[in-house]
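Colleague: Protein chains in written order, with my numbering: chain C, 1 to 114; chain S, 1 to 110.
It should be emphasised that the hints constitute simulated quantities derived from the structure, not laboratory data. Honestly, I wouldn't trust all of these hints.
[To be verified] What the simulated footprint calls covered on chain S by chain C, stretch by stretch (three residues with Cβ under 8 angstroms from a Cβ of chain C suffice, anywhere in the stretch; the number is not a length):
no.: 1; stretch: 17-29
no.: 2; stretch: 43-57
no.: 3; stretch: 65-76
no.: 4; stretch: 99-107
For each residue, glycine too, the CB sits at the ideal point set by N, CA and C.
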Amino acid sequence: GAGVSQTPSNKVTEKGKYVELRCDPISGHTALYWYRQSLGQGPEFLIYFQGTGAADDSGLPNDRFFAVRPEGSVSTLKIQRTERGDSAVYLCASSLRGRGDEQFFGPGTRLTVL
Amino acid sequence: TQLLEQSPQFLSIQEGENLTVYCNSSSVFSSLQWYRQEPGEGPVLLVTVVTGGEVKKLKRLTFQFGDARKDSSLHITAAQPGDTGLYLCAGAVGAQKLVFGQGTRLTINP
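Isolated chain C (complex conformation) (with noise of 0.2 angstroms):
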């Protein structure tokens, strides 16, 4: 079956637009969690889903920041007026239910503000 799946895999962009990175979720699970992966460094946790709700967004660094989930499957991460220092891998994992299920991840939107 098909895996995760992200788009776009590449996004360019200019300091100060906005931006959205789109996740697909293997089918069937209800748990999907963004991370942040910066150049040389391992995935930063963002946030989780667990169905259409956000159980745990500590890890969004500032109110640019929003996600959403509206029907429980697809994600959108939002990110308002970009900064140089947003430029990173954006990974997108999902898992059957959570609650230490194995996380499938996608392979990533590489974002660049110029």
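We have chain C; now place chain S onto it with these hints.
Modeller: Same frame as chain C, now just chain S:
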């Protein structure tokens, strides 16, 4: 803040040699996972260790969880060029999120 320190960050060895990668923390984790990540792809889970002192083997890879569940190691025997990649350890915080180390970039030279 729970942190995981991986060492070494970079390792380049010859085919056939053995190596060990370490993952250390001052915090206790409910479980610890090892991932491998290829360029342009997301991390792929290799193994999960849960019990203090646990040892798991995956072909030439041996994973160990420390008795106090604060540290782990990955040992590769007779490394092959196909083992080249980024290896990440991650600790589970509660049952929800993962805290990752900064990774070990391994290069096996033929």
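Colleague: Tell me the numbers of any earlier hints that the structure contravenes, in ascending order.
Modeller: The structure breaks hints 1 and 3; every other hint is satisfied.
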